Amino acid sequence: MSSPYSSFISTAKIRAEQNNINWNPQYDPTSGKISKDEWWDLSAIAGKIERPRKVISSFGVNASARDAILAVTGNEAPFIMSPHWIELFKAIAIHDILIKGRTPGNFAVNVGESFRVLAGCANAVKPEDITHDIVRNAYIAALLMSASGKRGSTLQATISTWFDSTGIANSRPLKQACVARVEQN
10 MSSPYSSFIS
20 TAKIRAEQNN
30 INWNPQYDPT
40 SGKISKDEWW
50 DLSAIAGKIE
60 RPRKVISSFG
70 VNASARDAIL
80 AVTGNEAPFI
90 MSPHWIELFK
100 AIAIHDILIK
110 GRTPGNFAVN
120 VGESFRVLAG
130 CANAVKPEDI
140 THDIVRNAYI
150 AALLMSASGK
160 RGSTLQATIS
170 TWFDSTGIAN
180 SRPLKQACVA
190 RVEQN
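For the sequence shown, position 34 matches number 43 in the working numbering, and the numbering has no gaps at all.
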């Protein structure tokens with residue numbers, strides 16, 4: 010019997026193949042940058058014309074996420090997501106756009122950017138093994154990344170939609186870990 014994580018990835022791979030999407034684009038192992046000729050054009054995948062065009066051009070954890078993670082945890086975040094997180098990143102993109110029918114912009118701006126913070130906090134911990142502490146740290150880091158707190162709210166929605174609702178994570182519910190730490194004197 011396959012795990013919810015494995016089934017989720019498998020379904021996405023099948024949909025990607027049905028839509029002629031290269032599941033394994035070549036990328037730089039130090040920066041995460043994908044070869045331009047292998048970018049995932051999310052707008053084309055969705056069959057929509059969106060300007061600016063929405064693409065997946067990197068599997069990296071961006072600098073603002075790494076800075077926020079360092080501030081919250083005191084640990085350096087990786088420059089690139091681990092292979093398990095890259096697999097889930099691609100699978101969520103496929104599910105979000107092709108199965109749920111959401112816009113490429115939703116994934117590129119909301120889900121994808123929040124996901125990168127979570128993947129950076131998790132580092133080598135597999136997606137199905139993430140803990141409440143990892144989610145809490147990612148949430149706090151996400152809050153630090155935007156003055157409005159929008160990145161925190163999109164991370165919370167990402168956790169609820171893609172981890173709690175799908176059963177991907179072994180420890181659930183994880184959404185309840187999306188709270189700012191209270192300092193005690």
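Please keep in mind that the hints were generated in silico from the structure rather than gathered at the bench.
Keep in mind that this is a model prediction, so the values were computed, not measured.
Be aware that a few hints might be false.
Pairs of lysine-lysine residues, derived as DSS-like cross-links and limited to a Cα-Cα distance of at most 27 Å, are as follows [stated by the list, open to error]:
| id | residue 1 | residue 2 |
| --- | --- | --- |
| 1 | 184 | 57 |
| 2 | 42 | 184 |
| 3 | 22 | 42 |
| 4 | 159 | 184 |
| 5 | 57 | 22 |
| 6 | 159 | 135 |
| 7 | 159 | 109 |
| 8 | 42 | 57 |
| 9 | 159 | 57 |
| 10 | 57 | 45 |
| 11 | 159 | 22 |
| 12 | 42 | 135 |
Structure-based check of each hint:
Proximity of residue 184 to residue 57 is assessed by CA-CA distance (about 31 Å); at most 27 Å being required, the pair is judged violated. A threshold of 27 Å between alpha carbons decides the hint, and for residue 42 with residue 184 the separation of about 30 Å lies outside it, so the pair is violated. As the CA atoms of residue 22 and residue 42 are separated by approximately 21 Å, the hinted pair is consistent with the 27 Å bound. Among the hinted pairs, residue 159 with residue 184 is consistent with the structure: their alpha-carbon atoms are about 15 Å apart, no more than 27 Å.
Distance restraint check for residue 57 and residue 22: the Cα-Cα separation of roughly 21 Å lies within the 27 Å cut-off, and the hinted pair is therefore satisfied. Annotation: proposed proximity of residue 159 to residue 135 holds, straight-line Cα distance about 26 Å (limit 27 Å). Between residue 159 and residue 109, the direct Cα distance comes to roughly 22 Å. Compliance with the 27 Å bound is thereby established for this hinted pair. Of the supplied pair hints, the one linking residue 42 and residue 57 holds, its CA atoms being roughly 24 Å apart against a limit of 27 Å.
Taken as a hint, the residue 159 and residue 57 pair is honoured in the structure, with Cα atoms around 25 Å apart against an allowance of 27 Å. Simply put, residue 57 and residue 45 have alpha-carbon atoms about 20 Å apart, close enough for the 27 Å limit, and the pair holds. Only pairs whose Cα atoms come within 27 Å are accepted, and residue 159 paired with residue 22 is rejected, the gap being roughly 30 Å. Using a Cα cut-off of 27 Å, the hinted pair residue 42 and residue 135 holds, with the two alpha carbons roughly 21 Å apart.
The structure shown violates the earlier hints numbered 1, 2, 11.
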